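If you read the protein sequences in the order shown, they are chains C and W.
For the first sequence, the working numbering gives the first residue as 1, with consecutive numbering after it.
For the second sequence, the working numbering gives the first residue as 369, with consecutive numbering after it.
The hints are simulated quantities; they were obtained by calculation from the structure and are not laboratory data.
Note that the coordinates shown come from a computational prediction; the quantities given were computed from them, not determined experimentally.
Certain hints may be false.
Quick list of simulated restraints, FRET-style, between CB atoms [claimed, not checked]:
{"id": "1", "chain 1": "C", "residue 1": "51", "chain 2": "W", "residue 2": "489", "range": "33 to 43 Å"}
{"id": "2", "chain 1": "C", "residue 1": "355", "chain 2": "W", "residue 2": "524", "range": "45 to 55 Å"}
{"id": "3", "chain 1": "W", "residue 1": "531", "chain 2": "C", "residue 2": "361", "range": "29 to 39 Å"}
{"id": "4", "chain 1": "C", "residue 1": "293", "chain 2": "W", "residue 2": "483", "range": "39 to 49 Å"}
{"id": "5", "chain 1": "W", "residue 1": "444", "chain 2": "C", "residue 2": "92", "range": "16 to 26 Å"}
{"id": "6", "chain 1": "C", "residue 1": "350", "chain 2": "W", "residue 2": "440", "range": "22 to 32 Å"}
{"id": "7", "chain 1": "W", "residue 1": "535", "chain 2": "C", "residue 2": "364", "range": "45 to 55 Å"}
{"id": "8", "chain 1": "C", "residue 1": "51", "chain 2": "W", "residue 2": "455", "range": "47 to 57 Å"}
{"id": "9", "chain 1": "W", "residue 1": "536", "chain 2": "C", "residue 2": "52", "range": "28 to 38 Å"}
{"id": "10", "chain 1": "C", "residue 1": "333", "chain 2": "W", "residue 2": "535", "range": "35 to 45 Å"}
{"id": "11", "chain 1": "C", "residue 1": "177", "chain 2": "W", "residue 2": "453", "range": "26 to 36 Å"}
{"id": "12", "chain 1": "W", "residue 1": "453", "chain 2": "C", "residue 2": "355", "range": "45 to 55 Å"}
The C-beta atom is built at its ideal place from N, Cα and C for all residues, glycine as well.
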Amino acid sequence: MKKLAALTIALTMSTAYAAEHFAGIEFHSSVPKEQIDALKVDLTYLYKTPVTTTYPTFSSMSGLTTLNGANMHNWLLNRVKYIVGETYELTDDNIVMKRFHSFPKTPLPPGFESSAGTEEVTTVMSNIGAAVYLIGKKENMLFGLKLDNNNVYAKSPRTGILQVGRGLFLEKFAINKELLSNANSISRLGTLFHEARHSDGNSTHTGFVHATCPEGHSYAGYAACEKANNGPYSLGAASEIQMLQNCTTCSTKDKSVLSVRAADSMARVVDADLATQIHRLKKAIATADELMKAYEDLASKYPDKVHLIEAEMNKIKRKRTEFQARLTVLEKVKPSISPLDPKPEGDYKVISLKDSVKTMERSLKKTK
Amino acid sequence: MKTSSKIIIILTAALIVGAAIYLKGSDVSPSDVSPDIQGKVPRVQETNSIDSVIAEPEIVSVKEAQLKEELNEAMEKLPMIVDLQKLHDDEVHFTPEMVNEGGVLIGQLLEAADNDPARREETLNFFKACAENSSLVEAIRAVCWKTTLSRIPKWEIFLPVSDAEVPESIQDMAAELPDL
């Protein structure tokens, strides 16, 4: 009898612990091994890569005053705790619920509705934790998901359950053909940062739900834009630029593709706040200055073209003056729009930097 | 040797080189030259000093024509805004495949020009034209603009850009991108 009980327990344990943990994230048994392995490489790259150049936009958007691997991993871990595979279905078998949960008395994001589709699509990644939280709030019922041996209830958008699909690992979406190259890690991590941002926000911007792109936009009619410049697209792009700046193994071609992807995300922001407009004008002035310097050098190299180069420099000088005048006006304006408050609503626990470092070090030790 | 004989010899040499170039040109099929993108520009064999003096303008024009054709083809392959409207909702949540491929193409052209100075002037004009092309996807235009501005000093080529028809929104995006 004892033997039978022990065997049953052993069998239960072996299936129950099919899930894998790495860097504090629980990978559900539905995630294929090669996808887990690739994500392990990505998280290790994020944690270990020295940060020599800081992209201030990423720093301000993420709220990380010091940018290094440990801080960036901690930021992710507070927003991504579980990863499920493409085959994991949001069916009754996997959904658990509890009544009488008290949700914050804040409004839902405008037009929020369940986005469960029936057509076959190639999933790249989605934040189902935030979606389950919002559906629960809408229905006034606490929903949760069965994840191997855990029932995880979505009491906040910070529940951090992401679904990854094969799209994240397909060659046609990759930066280059080497699945585990640093450039591909940056690309996947950028997607992870994008999805992680969906774990933030409160009230009408809980989960930083995407907005429909307006008429005239390249993605007009698709729910693929955002009205704040600190939402998932903005943050994903900023994280990619931050990591790209510090990539020592990325080729020119890699940089080109990663830049296109970052720009593609930036192009989806349809409302720029005052701070952003000021930032952009400052950048435009800096670009004009760099160009003037380049033309000065070229004038000394090509004396026969001096008159042409000087004429060009005068035009750029005029543009610079125009930018400066606009900047002076904007700097006097009181900010009326500001980035959305990323503070999440609901019940969630903050993971300290100390704890996330400990978890990561333990994982790295295990994989040695 | 009389002057008239010298002229005849030079003319004969010129005709022979000219014919050789003509034959070489006719032997090269478009598929043979397309790998230019990898920086492998087909080169006409070095000749002695008198031949190269006579033959050089011909060689340059052949190479330029090939490069122009290649860049024109590349421009047509870049993703256009109208193409994005044909995609499924889920294909646009993240960067669509065709936009990704556009990035690969830009990177290939840039690497080829970084490796071969003969390609730079035309490639720089291409990037400026790409940034100005209002049919193309904004992300592609932004990277083209970034590349134009970064390669003017790097390749030391004077190209006027103050009148470039590149919207501020695209210039703003380009300014955020790191140097390629």
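To see whether the hints hold, each was checked on the structure:
1. C:51 - W:489: 33 to 43 Å: Check passed, 37 Å falls within 33 to 43 Å.
2. C:355 - W:524: 45 to 55 Å: holds, 53 Å
3. W:531 - C:361: 29 to 39 Å: violated, 56 Å
4. C:293 - W:483: 39 to 49 Å: violated, 26 Å
5. W:444 - C:92: 16 to 26 Å: Given about 51 Å between the Cβ atoms, the range is violated.
6. C:350 - W:440: 22 to 32 Å: violated, 56 Å
7. W:535 - C:364: 45 to 55 Å: Since residue 535 of chain W and residue 364 of chain C have Cβ atoms about 46 Å apart, the given range 45 to 55 Å holds.
8. C:51 - W:455: 47 to 57 Å: violated, 35 Å
9. W:536 - C:52: 28 to 38 Å: holds, 31 Å
10. C:333 - W:535: 35 to 45 Å: violated, 23 Å
11. C:177 - W:453: 26 to 36 Å: holds, 30 Å
12. W:453 - C:355: 45 to 55 Å: holds, 47 Å
The structure fails to meet hints 3, 4, 5, 6, 8 and 10 from the earlier list, while all remaining hints are met.
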